[in-house]
Amino acid sequence: MASPVVIASGGANLASLCFALERLGYDAPVTEDADTIRSASHVILPGVGAARDAMVRLDRAGLTDVVRSLQQPVLGICLGMQLLFTGSDEDAAMCLGLIPGTARRFRDGPDAPVPHMGWNQLQIATESPLLAGIDDGAWAYFIHSYALPIGRYTCAETTYEHTFSSAVQHENFYGTQFHPERSANIGRRILANFLNL
Amino acid sequence: MGDILDLARRYRDEGADELVFYDITASPDERTVDRSWVNRVAEVLDIPFCVAGGIRSVEAAETVLNLGADKVSINTPALENPELIEQLAARFGSQCVVVGIDSSAEAGDYLVYQYTGDPEKSRSSQRRTTDWVQEVQERGAGEIVLNCMNQDGVRQGYDIDQLALVREICRVPLIASGGAGEMQHFLQVFEKARVDGALAATVFHSAAIAIPDLKRFLLTHDVVLRPPEQG
Chain A
142 MASPVVIASG
152 GANLASLCFA
162 LERLGYDAPV
172 TEDADTIRSA
182 SHVILPGVGA
192 ARDAMVRLDR
202 AGLTDVVRSL
212 QQPVLGICLG
222 MQLLFTGSDE
232 DAAMCLGLIP
242 GTARRFRDGP
252 DAPVPHMGWN
262 QLQIATESPL
272 LAGIDDGAWA
282 YFIHSYALPI
292 GRYTCAETTY
302 EHTFSSAVQH
312 ENFYGTQFHP
322 ERSANIGRRI
332 LANFLNL
Chain B
235 MGDILDLARR
245 YRDEGADELV
255 FYDITASPDE
265 RTVDRSWVNR
275 VAEVLDIPFC
285 VAGGIRSVEA
295 AETVLNLGAD
305 KVSINTPALE
315 NPELIEQLAA
325 RFGSQCVVVG
335 IDSSAEAGDY
345 LVYQYTGDPE
355 KSRSSQRRTT
365 DWVQEVQERG
375 AGEIVLNCMN
385 QDGVRQGYDI
395 DQLALVREIC
405 RVPLIASGGA
415 GEMQHFLQVF
425 EKARVDGALA
435 ATVFHSAAIA
445 IPDLKRFLLT
455 HDVVLRPPEQ
465 G
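Residue numbers (the numbering used here), protein chains in the order written: chain A, 142 to 338; chain B, 235 to 465.
Here chain B stands alone, though its shape is the one from the complex (with noise of 0.2 Å):
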């Protein structure tokens, strides 16, 4: 819990413009989930933030943002429930709604996997990327993050191919994720892919990039952003 407030205090500090945590301790019965921290984490932030994680019903949903969340951000429980997204839309409003895809590159088209949180469940869930994306919008969807988990974790940079193939589609925002290794792929995806954001996390954790540094890096190469000195 310190390790997260300390975080969250971290990255407010560096300007970054918005974080999401990924909340691991999922439960099939919300009643026993302690998501106090959700609460401590509203306390400490001046910059909006998006709960990942175990949200399966609009109940599990309305509990994260009376605590202070901004968003909620749902990947498996939108696969096994797609109604999910048109209730959570109705009752807060597709602002609050924010869809992560996990996606893959397979025999020449992109394929949608679901519980890819356990890497011995991951598996394909036989829709197609782009079909997805048409469908959580009409559901209702207000943000889309495309994971693109070929490029997960090997920091070779986001896939840009993916990434401005999805846009072409994507009318609500599209936060690229995947892939981030340096300076240059975050100016890449937003330049190539005209993605409306860039999510990462072990570059940052691990110090590789300092967000003032990568903020100022992409000013100097004329991306329109909030610049660091205003955090």
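In isolation and in its complexed conformation, chain A is listed as follows (with noise of 0.2 Å):
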């Protein structure tokens, strides 16, 4: 039978998704192989760090292009989820460009220090399988300083500094900006949500 993957995307923090992936009962390998992520039964693109590193990566993987020809479900996580997009403001870096969109940096001030770091609360913009028993109002744990603007394809907004998208759905692609594994039982949810796809 077909497991989810992580894709080994170099960041640095792994070990608490697959901790998270193991209490929901997976065994998930983490992975550079395009073999092993084409014949996954969910694919989840994790990301710490900067956009642009984190293209190389994949560049230098091969996995650009295994990535966005994916039909299984993808769950791109924080810095993942922006991988999705067209690009970031982050040195200019150009994404997957699998959703429109280009990820813009917090301003920041007094009343919102950057990077955005804690708890913020989910309002569910549009129904979408991912967020299925989530309340409008519930909150999640989020660690970033650049985000989505809200688009078509938001399912969940967020206010912070200004309001964006913090979770994404465009076909099989999904997209979380806060952080399922370090967001207690709501993330416990949202990630048994997406392996029930």
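These are calculated hints, taken from the structure and not from any lab test. There may be inaccurate statements among the hints.
Computed, partial: chain B to chain A, Cβ under 8 Å [said to hold, decoys possible]:
hint : residue
1    : 270
2    : 273
3    : 274
4    : 328
5    : 377
Short, incomplete list of chain B residues facing chain A, as computed with Cβ under 8 Å [unchecked claim]:
hint : residue
6    : 248
7    : 251
8    : 282
9    : 300
10   : 301
11   : 302
12   : 304
13   : 406
14   : 407
15   : 430
16   : 431
Model, not experiment: these values are computed from the prediction. Just so it is clear, CB atoms sit at the ideal spot from N, CA and C, and this is done for glycine as well.
Take the two lone chains and join them into the complex the hints point to.
Right, dumping it as structure tokens:
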């Protein structure tokens, strides 16, 4: 039986994601192998660090087109979600171009320090199976300096300095700007929803 | 070890928003430090956690982050080698880099202390707290934990004046530390110093304050936070 996989995107913190999947009963390999990724039931694209570095790593591993061509459910988390979009203002990076939009940096201010780091609320924008059972106002854990604007692919939005996309879906590509693996029971439910797709 | 895993589970279940672990097994040689406990903590936690203590190099931070910590916190090593902040931010991103500052009110000013883990060695670094807060942000710190030493352990409340002063110049998340004794103190620090978080140890360890009670108290006073029911 095909199992979910986590793409080894070089970010430091894959342990917490793998443990979260384990708690849901999945032993998901962390891999850069194109065949393993293509044959997986679900693909998770995590990401910590800078957009351009992450794209360079995907390119070097020969995975850019592999990810673009995936037909099974794909979940980008945090920077991984931003990578699904056209690009990021961070180092003017070009990303995978699967969803139109460009990640922009928060403007910092005394009442909105950057990075946006901590718990914040999700406002459900459109129905998505990813957010089944998640109430309006549910709390999730964020840690990021760049964010995607609201668009037609937004399923949940969150307000910090301005209102941005905190969860997105376009066809089989899903994304969460927050970290479900660090968002207690809410995050557990969202990961379970994804793995049940 | 069993103790910290039990504590981690307990605070997770009580609805803590984040945990900080102070590793007191500091050693000059990173290769001799056993940090496997970080991995066991990561296994049971579904909330973010930070590891503080003894992180003096990019390698040490990498070990801790790879084992599942979300952030590392540096204090004295940042004072000894301020470039470490830049190195960590460049390698892992500012969001992983917390700078802890031990600050003491002295002669009408606030001064940064170092080696505070050891009462014998604890001494002023001769740096003004406000200068250091500016510098660590310029160097890439993503969060500042300000431990107000005059208040620490005396449970008379957070140092609102000092925290409010630092808040004015702090553009990254600011966490208050030192002095929490009752629920009212948490309310004061959020309302008057506008900090992003409040850290406490003794009142939680001793069960003098239960986290769900504290959160409900703060919610009734209109502090915006994750309700305990969502733990």
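So which of the earlier hints does this model not fit? Of the numbered hints given earlier, those the structure breaks are 1, 3 and 6, listed in rising order.
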